[in-house]
Amino acid sequence: MDRNPIDFRSFERQFAQMDFRHVVPLAILAVLLVVALIAAWTSVHTVAPEGQSVVKRFGRVVAIRGPGLHFKLPFGIDRAYFVPTERQLTQEFGFRTVSTDSRTQYEKQPTHRAESLMLTGDLKVIDVEWVVQYRVDDANRYLHSVEDPQKAIRDVSEAVMRRIVGNELGSDVLTEKRVEVATQARDELAEILDSFDMGVVVRRIELQDVTPPEPVKPAFNEVNQAEQERERLINEAETRRSQVLPRAEGEALQVIAEAQAYATERTNRARGEAERFSAILAEYQNAPEVTRRRLYLEMAEHVVPRIRRVYVVEPGQPGPLPLLNLTDETLPPRQRTGDR
Amino acid sequence: MLSRTTSTTLVLVVALLALGGLLLYSAAYTVDEAEQVIVLQFGKPHGEPVVEPGLHFKMPFIQNVRRFDRRLQSWDGDPNQIPTRGEQFISVDMTARWRIVDPLMFYQRVRDKDGAIRLLNDILDSVARDHISATDLTEIVRSSDWDVTEADLERIPVAAEEEEQQLLQRVQMGRGELVRSILATAQREVPDFGVELVDIRIKRVDYVRQVQEQVFARMIAERQRMAEQFRSEGQGRAAEIDGETQRQLATIRSEARRQAEVIRGRADAEATATYSRAFGADPEFYAFFRTLESYRDAIGDDMTWIVSADADYFRYLRGIREPEPSPPAADTATPAARR
Numbered sequence: 001m002d003r004n005p006i007d008f009r010s011f012e013r014q015f016a017q018m019d020f021r022h023v024v025p026l027a028i029l030a031v032l033l034v035v036a037l038i039a040a041w042t043s044v045h046t047v048a049p050e051g052q053s054v055v056k057r058f059g060r061v062v063a064i065r066g067p068g069l070h071f072k073l074p075f076g077i078d079r080a081y082f083v084p085t086e087r088q089l090t091q092e093f094g095f096r097t098v099s100t101d102s103r104t105q106y107e108k109q110p111t112h113r114a115e116s117l118m119l120t121g122d123l124k125v126i127d128v129e130w131v132v133q134y135r136v137d138d139a140n141r142y143l144h145s146v147e148d149p150q151k152a153i154r155d156v157s158e159a160v161m162r163r164i165v166g167n168e169l170g171s172d173v174l175t176e177k178r179v180e181v182a183t184q185a186r187d188e189l190a191e192i193l194d195s196f197d198m199g200v201v202v203r204r205i206e207l208q209d210v211t212p213p214e215p216v217k218p219a220f221n222e223v224n225q226a227e228q229e230r231e232r233l234i235n236e237a238e239t240r241r242s243q244v245l246p247r248a249e250g251e252a253l254q255v256i257a258e259a260q261a262y263a264t265e266r267t268n269r270a271r272g273e274a275e276r277f278s279a280i281l282a283e284y285q286n287a288p289e290v291t292r293r294r295l296y297l298e299m300a301e302h303v304v305p306r307i308r309r310v311y312v313v314e315p316g317q318p319g320p321l322p323l324l325n326l327t328d329e330t331l332p333p334r335q336r337t338g339d340r
Numbered sequence: 001m002l003s004r005t006t007s008t009t010l011v012l013v014v015a016l017l018a019l020g021g022l023l024l025y026s027a028a029y030t031v032d033e034a035e036q037v038i039v040l041q042f043g044k045p046h047g048e049p050v051v052e053p054g055l056h057f058k059m060p061f062i063q064n065v066r067r068f069d070r071r072l073q074s075w076d077g078d079p080n081q082i083p084t085r086g087e088q089f090i091s092v093d094m095t096a097r098w099r100i101v102d103p104l105m106f107y108q109r110v111r112d113k114d115g116a117i118r119l120l121n122d123i124l125d126s127v128a129r130d131h132i133s134a135t136d137l138t139e140i141v142r143s144s145d146w147d148v149t150e151a152d153l154e155r156i157p158v159a160a161e162e163e164e165q166q167l168l169q170r171v172q173m174g175r176g177e178l179v180r181s182i183l184a185t186a187q188r189e190v191p192d193f194g195v196e197l198v199d200i201r202i203k204r205v206d207y208v209r210q211v212q213e214q215v216f217a218r219m220i221a222e223r224q225r226m227a228e229q230f231r232s233e234g235q236g237r238a239a240e241i242d243g244e245t246q247r248q249l250a251t252i253r254s255e256a257r258r259q260a261e262v263i264r265g266r267a268d269a270e271a272t273a274t275y276s277r278a279f280g281a282d283p284e285f286y287a288f289f290r291t292l293e294s295y296r297d298a299i300g301d302d303m304t305w306i307v308s309a310d311a312d313y314f315r316y317l318r319g320i321r322e323p324e325p326s327p328p329a330a331d332t333a334t335p336a337a338r339r
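Note that the protein sequences, when read in sequence, are chains C and U.
Take the first sequence: its position 15, counting from 1, is numbered 15 in this note's numbering, and each next residue is one higher.
Take the second sequence: its position 183, counting from 1, is numbered 183 in this note's numbering, and each next residue is one higher.
Hints were generated in silico from the structure; no laboratory data involved.
Among the hints, erroneous ones may be present.
Unchecked claim - The calculated lysine to aspartate or glutamate pairs, modelled on DMTMM-like cross-linking and capped at a C-alpha distance of 20 Å, are: (1) C:Lys151 to C:Glu214; (2) U:Lys113 to U:Asp192; (3) C:Lys108 to U:Asp206; (4) C:Lys177 to U:Glu154; (5) C:Lys151 to U:Asp114; (6) C:Lys217 to C:Glu227; (7) C:Lys72 to U:Glu33; (8) C:Lys151 to C:Glu191; (9) C:Lys217 to U:Glu213; (10) U:Lys113 to U:Glu35; (11) C:Lys177 to U:Asp147; (12) C:Lys72 to U:Asp32; (13) C:Lys217 to U:Asp206; (14) C:Lys151 to U:Glu228; (15) U:Lys113 to C:Asp209; (16) C:Lys151 to C:Glu129; (17) C:Lys177 to C:Asp187; (18) C:Lys177 to U:Asp152; (19) C:Lys108 to C:Asp209; (20) C:Lys177 to U:Asp145; (21) C:Lys108 to C:Glu86; (22) U:Lys113 to C:Glu147; (23) C:Lys108 to C:Glu214; (24) C:Lys177 to U:Glu150; (25) U:Lys44 to U:Asp112; (26) C:Lys151 to U:Asp76; (27) C:Lys108 to C:Glu206; (28) U:Lys113 to U:Asp78; (29) C:Lys217 to U:Glu228; (30) C:Lys177 to C:Asp194; (31) C:Lys151 to U:Glu213; (32) U:Lys58 to U:Asp76; (33) C:Lys151 to U:Asp147; (34) U:Lys113 to U:Asp102; (35) C:Lys151 to U:Asp69.
Claimed, not checked - Chain U regions said to be covered by chain C (calculated; three or more residues, Cβ under 8 Å): (36) 7 to 21; (37) 118 to 130; (38) 141 to 153; (39) 267 to 280.
Computed from a predicted structure; not experimentally measured.
Where a beta carbon is used, it is the ideal one built from N, C-alpha and C, also for glycine.
Assemble the whole structure, with the sequences as input and the hints as a guide.
This is the structure we're talking about:
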């Protein structure tokens, strides 16, 4: 250690030689200036546009001020506490908004799930996420009625939501009673918070995702699928029906039309033949014998040339059968002797 | 240069001022809007608690102050596993509001908030436990205006008969009444320690893990049955529609056939009537005429005809004579058909 010890003697000497007459007023001035600066700094406060400021003097509320520049007593005699009375405040249950940059992102951690899983009236479990929107309407009471207003709002909200969901059927909460649950919860929450006199107005409660618990979700989806399948099966049957029936109707018309064609043909033919017969009959009645013979001969004339062989047998003679060579026939003769 | 006397005076003045300031600082105290204060003299409470906010004074040095919150405090219980009357284990999480109403007594009995919360833990946990273990789960979960009707049961999947009964059951007490009764008992039980219990609520009721898994399994089974029902409903409806289609098809077809038969029948009848009207004029001639016609058609090529020489057609082969008065019967021999 060979550093020089501080030379107190010479320091003392120098100090004694200094002329304090000039320094003292200057120092006092400087101190006063600093004090004045601090006073100025602490006697002014600005209130942001979204709220009010509660000014307390020695802990006692003396004023509540709106947005703008305000003066108060300096040095912490008056203190200002800002409360965002105009802002819409939100508490989220069952999830948290993590960022609202380009796309709002949410997260759901196990602790958040514990907030949102609850029992329904039919003793099932349901996952209800919701937000409570509220506003401070009395800054003074908000600061001085309840120790931790946000915790109070959270606790009571959870209790109220569970009471109401517990009084409904699970499938109703999932579907048609969403709105009812939300309004009922809002009213009840507002009533309880009013009884705490905490200067808060509950604007609304919005149910967010209301879902079955995670392990049960696939089964719920299965139900939806089955419902769609039911519709599909029914539609397919309807389609088949609409394909088959019009064709059958067409075919039916066809059958009827064919019958009508037959009828027309049949009656016309009958009429034609009848008329022909009537005409011939008229002829015949004029000259019965001749006509009769003529008709007979005409027939014979037509028929006889087409016959291959004609055997004319004298009456009283034996028939020609024994003479006929029937063996060269390929087909067994179907024979009837035409003797009279 | 300052004279010795002036500088001494200055030091004295400054010292006095400092002392005065110190005294003032020690004597004055503030009470916040949210606070209440008791003044202690040598550790012994002195006078009434101060609740009026603002600047107050006390004896410097020998008195000091203890501050207590005047606002509503919260108590948050630990989730407790409690069996209900139906011996289902549930996890119950309570929350309560309380405030210090008698700071002096509060200070004497529990000293501070930690002590108070410890005391509240013991009392509230046991009161809640007593009430909940004497209550059915349905009464804990549902409220007194629980109202499920038969019509509601139609809409929802219900696993079993007993569950239906349980759903239709009226609520005797319900959550609200249970909570009120817990609050009343707790208020009675909370000993005099300067605290008012304002509100108590059941924040959460959950199944314990094991039971929860069972409940999930039940819910899954229920939904699967519902899905099955939808599927078979779909199949049933489809079959019904198909059957109806077949019925309509048969109706359309048979109706068409019926109409066709009627039309044919009418036509046949009409034709028959037409024929008989015409032919009825001379049935004998008709027989003759028609028979000749049929010979034309029936007697074909390549036939062998064995015929008696008596036949009319061959009569003139024998010679020309005056015709005997014989009937002009068509004495044709039946042709021996040979094709």
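Hint check results:
no., hint, in the structure
1, C:Lys151 to C:Glu214, "violated (28 Å)"
2, U:Lys113 to U:Asp192, "holds (15 Å)"
3, C:Lys108 to U:Asp206, "holds (18 Å)"
4, C:Lys177 to U:Glu154, "holds (17 Å)"
5, C:Lys151 to U:Asp114, "holds (18 Å)"
6, C:Lys217 to C:Glu227, "holds (15 Å)"
7, C:Lys72 to U:Glu33, "holds (18 Å)"
8, C:Lys151 to C:Glu191, "holds (17 Å)"
9, C:Lys217 to U:Glu213, "holds (14 Å)"
10, U:Lys113 to U:Glu35, "holds (13 Å)"
11, C:Lys177 to U:Asp147, "holds (14 Å)"
12, C:Lys72 to U:Asp32, "holds (17 Å)"
13, C:Lys217 to U:Asp206, "holds (19 Å)"
14, C:Lys151 to U:Glu228, "violated (46 Å)"
15, U:Lys113 to C:Asp209, "violated (38 Å)"
16, C:Lys151 to C:Glu129, "holds (18 Å)"
17, C:Lys177 to C:Asp187, "holds (15 Å)"
18, C:Lys177 to U:Asp152, "holds (13 Å)"
19, C:Lys108 to C:Asp209, "holds (12 Å)"
20, C:Lys177 to U:Asp145, "holds (16 Å)"
21, C:Lys108 to C:Glu86, "violated (29 Å)"
22, U:Lys113 to C:Glu147, "holds (12 Å)"
23, C:Lys108 to C:Glu214, "holds (12 Å)"
24, C:Lys177 to U:Glu150, "holds (18 Å)"
25, U:Lys44 to U:Asp112, "holds (16 Å)"
26, C:Lys151 to U:Asp76, "holds (10 Å)"
27, C:Lys108 to C:Glu206, "holds (17 Å)"
28, U:Lys113 to U:Asp78, "holds (17 Å)"
29, C:Lys217 to U:Glu228, "holds (16 Å)"
30, C:Lys177 to C:Asp194, "violated (26 Å)"
31, C:Lys151 to U:Glu213, "violated (31 Å)"
32, U:Lys58 to U:Asp76, "violated (37 Å)"
33, C:Lys151 to U:Asp147, "violated (33 Å)"
34, U:Lys113 to U:Asp102, "holds (13 Å)"
35, C:Lys151 to U:Asp69, "holds (16 Å)"
36, 7 to 21, "violated (count 0)"
37, 118 to 130, "violated (count 0)"
38, 141 to 153, "holds (count 7)"
39, 267 to 280, "holds (count 10)"
Hint violations for this structure: numbers 1, 14, 15, 21, 30, 31, 32, 33, 36, 37, all remaining hints satisfied.
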